[in-house]
Amino acid sequence: MKESEDILSEDISRKLERAITSSLIREQEPRWMRFYRVFRFSLFTSGILYIGLWYCFRHSMNHWMLACGLWAVAMLFGFYFYFIPQPKIEVKNYWSSWIIGKLILLATFNTWMTLFLCPHFVVLHPSEKLAFGFLNGLPDLYMALGGMSACMFFCGFTFSLLSGCLSFIFISKTISLSSWRSILKPALISFSSLIPILIIQIFDMNLRFYFFYWLAGSLLGILTSLVIVSLLSRVFSKKLLN
Amino acid sequence: MADLENKEDEALMELYIKGELVAFKELYSRYSTRIYGFLIRRLTGRHRTQAMDLFQLTWLKLHESRSRFDRTKKFSAWIFTIALNSLRDLVGRKQLEVESDQLENQSSALDSEEMMIQREQWASLQDSLDKISSQQREIFLLCDWEGFSSKEVAEMVKISEGNARQILMRARKNLKTLAEASS
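Residue numbers (my numbering), protein chains in the order written: chain A, 358 to 599; chain B, 941 to 1123.
If you are wondering where the hints come from, they were derived from the structure by calculation, not from laboratory data. Please note that the accuracy of each hint is not assured.
Computed, partial: chain A to chain B, Cβ under 8 Å [claimed, not checked]:
hint: 1; residue: Leu373
hint: 2; residue: Thr378
hint: 3; residue: Ser380
hint: 4; residue: Glu384
hint: 5; residue: Ser403
hint: 6; residue: Ile446
hint: 7; residue: Val448
hint: 8; residue: Asn450
For lysine-lysine, the following BS3-like pairs were computed, each having C-alpha atoms within a straight-line distance of at most 30 Å [claimed, not checked]:
hint: 9; chain 1: B; residue 1: Lys1001; chain 2: B; residue 2: Lys1013
hint: 10; chain 1: A; residue 1: Lys445; chain 2: B; residue 2: Lys965
hint: 11; chain 1: B; residue 1: Lys1071; chain 2: A; residue 2: Lys449
hint: 12; chain 1: A; residue 1: Lys530; chain 2: B; residue 2: Lys1001
hint: 13; chain 1: B; residue 1: Lys1014; chain 2: A; residue 2: Lys449
hint: 14; chain 1: B; residue 1: Lys1014; chain 2: B; residue 2: Lys1091
hint: 15; chain 1: B; residue 1: Lys1098; chain 2: A; residue 2: Lys542
hint: 16; chain 1: A; residue 1: Lys445; chain 2: B; residue 2: Lys1001
hint: 17; chain 1: B; residue 1: Lys947; chain 2: A; residue 2: Lys445
hint: 18; chain 1: A; residue 1: Lys542; chain 2: A; residue 2: Lys530
hint: 19; chain 1: A; residue 1: Lys449; chain 2: B; residue 2: Lys1098
hint: 20; chain 1: A; residue 1: Lys445; chain 2: B; residue 2: Lys958
hint: 21; chain 1: A; residue 1: Lys449; chain 2: B; residue 2: Lys958
hint: 22; chain 1: A; residue 1: Lys372; chain 2: B; residue 2: Lys1001
hint: 23; chain 1: B; residue 1: Lys947; chain 2: A; residue 2: Lys372
hint: 24; chain 1: A; residue 1: Lys372; chain 2: B; residue 2: Lys1014
hint: 25; chain 1: A; residue 1: Lys445; chain 2: B; residue 2: Lys1014
Glycine included, C-beta positions come from ideal geometry on N, C-alpha and C.
Produce the complete structure using the sequences and hints provided.
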């Protein structure tokens, strides 16, 4: 046995004690203050999303209205969970509502970001207002691999992988691949942020026949990102220990 | 603060449920090293690195479920039950059982030898603990190290009292044998 393992780390112990005591302090706060905070944050972030989407897709905004509404609800839930008084500390496999809220917010934010990264993403007619066109060649590459079906599958995979990695990296200490339950939980939470995109695809005449490919690619992307982040955090924590 | 130091754990827990910071701090100072010590002794090999996660998990679960604390029961038994449940959740029941079976086979060979332990051999107990089965180690640590009665331990690990006593006797016997062999 290593000697360092024998002794309780003072730093971690103090951090845990502080997290629990600050949670007890926050519990004294009136409930209306918490709800007001949740409402304020949700309104602000959803407003930014709406303005951004309206600027880019104003000609086909009908599609995006429902998605905006669903993302606003996701934000509301995310901030609600995030602000529940509880110890704000990350521990392996401990899924507190703070972590769940954090993941909902991160996944939603990263899904928006992917929309702005690829102009062809979801919509067949891209917005001319989008400034980031550096992934323009990607759909052509995927189309060459196997037409529209391959394009939808690989697009779902690429962007979910990207978004998943960016989300899970912030909660890497919590992620564990020890059981199916510990894999499914973050995967499903992360996947919930993609539901508005799926709805748009089902409503679109041209995309509805291919949405299944996108769904399969996205699920695979999320699971792959989970494995990547978990392995990376294991490697880095081992390096830090050594 | 001095007043709190004289209070019993259960009374402190009542105050902690009501949101008293100092009551939590007092309980934390009384039990943090004890819980960590139990976990580090309970785990073996590669699982030992998980003691810190388990320690944190125990306190977080205790905080989360503090309103469900049964006032008629002992606080110490309750926190150790949470620690044991966290251990099974994180390390996995199956892994603990496999480890237990393997060690049971190793130590049964020593059962036949009749040897006595001497007081000075307690120093080597730590090494011997790693060699007995997982379940024996758990029950031995809870009874002989932490001072719980076999009835309390039986409730914690969800087995019958008779079974707990039997496992404890077997653990003591194996430890005596191992200590004698190492000397």
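Original post:
Has the given pair, B:Lys947 with A:Lys372, been kept, meaning a C-alpha gap of at most 30 Å?
Top reply: Given pair B:Lys947, A:Lys372 holds - Cα atoms ~25 Å apart, limit 30 Å.
**OP:** Below or equal to 30 Å on CA atoms is what counts here, so check B:Lys1014 against B:Lys1091.
**Re:** Holds: B:Lys1014 and B:Lys1091 sit about 13 Å apart, inside 30 Å.
Original post:
Does B:Lys1001 lie within 30 Å of A:Lys530 when you go C-alpha to C-alpha?
Top reply: 17 Å, holds
Subject >> Hint validity - A:Asn450 Cβ closer than 8 Å to any chain B Cβ >> reply: A:Asn450 check passes; min Cβ-Cβ to chain B is 6 Å, inside 8 Å.
Original post:
Under the criterion that the straight-line Cα-Cα distance not exceed 30 Å, is the pair A:Lys445, B:Lys1001 satisfied?
Top reply: With a Cα-Cα distance of about 13 Å, the restraint between A:Lys445 and B:Lys1001 holds, given a limit of 30 Å.
Original post:
Can the hint on A:Thr378 be confirmed by a CB-to-CB distance to chain B that is less than 8 Å?
Top reply: With Cβ-Cβ at 5 Å, under 8 Å, it holds.
**OP:** Could you grab the alpha-carbon distance between B:Lys1071 and A:Lys449 and see if it respects the 30 Å cut-off?
**Re:** With a Cα-Cα distance of about 28 Å, the restraint between B:Lys1071 and A:Lys449 holds, given a limit of 30 Å.
Subject >> Hinted contact A:Val448 with chain B - closest CB pair below 8 Å >> reply: Holds, because the Cβ-Cβ distance from A:Val448 to chain B comes to roughly 5 Å (cut-off 8 Å).
Subject >> B:Lys947 paired with A:Lys445 [C-alpha distance capped at 30 Å] >> reply: 29 Å, holds
Original post:
Hint check: is the beta carbon of A:Glu384 less than 8 Å from a beta carbon of chain B?
Top reply: Where the cut-off is 8 Å and the nearest Cβ of chain B is about 6 Å from A:Glu384, the hint holds.
Subject >> Interface hint compliance - A:Ser403 to chain B, C-beta minimum distance less than 8 Å >> reply: With a minimum Cβ separation of about 30 Å from chain B (threshold 8 Å), the hint on A:Ser403 is violated.
Original post:
If you draw a straight line from the CA of B:Lys1001 to the CA of B:Lys1013, is it 30 Å or shorter?
Top reply: Holds - the C-alpha atoms of B:Lys1013 and B:Lys1001 are around 18 Å apart, at most 30 Å.
When the structure is compared with the earlier hints, a violation turns up for hint 5 alone.
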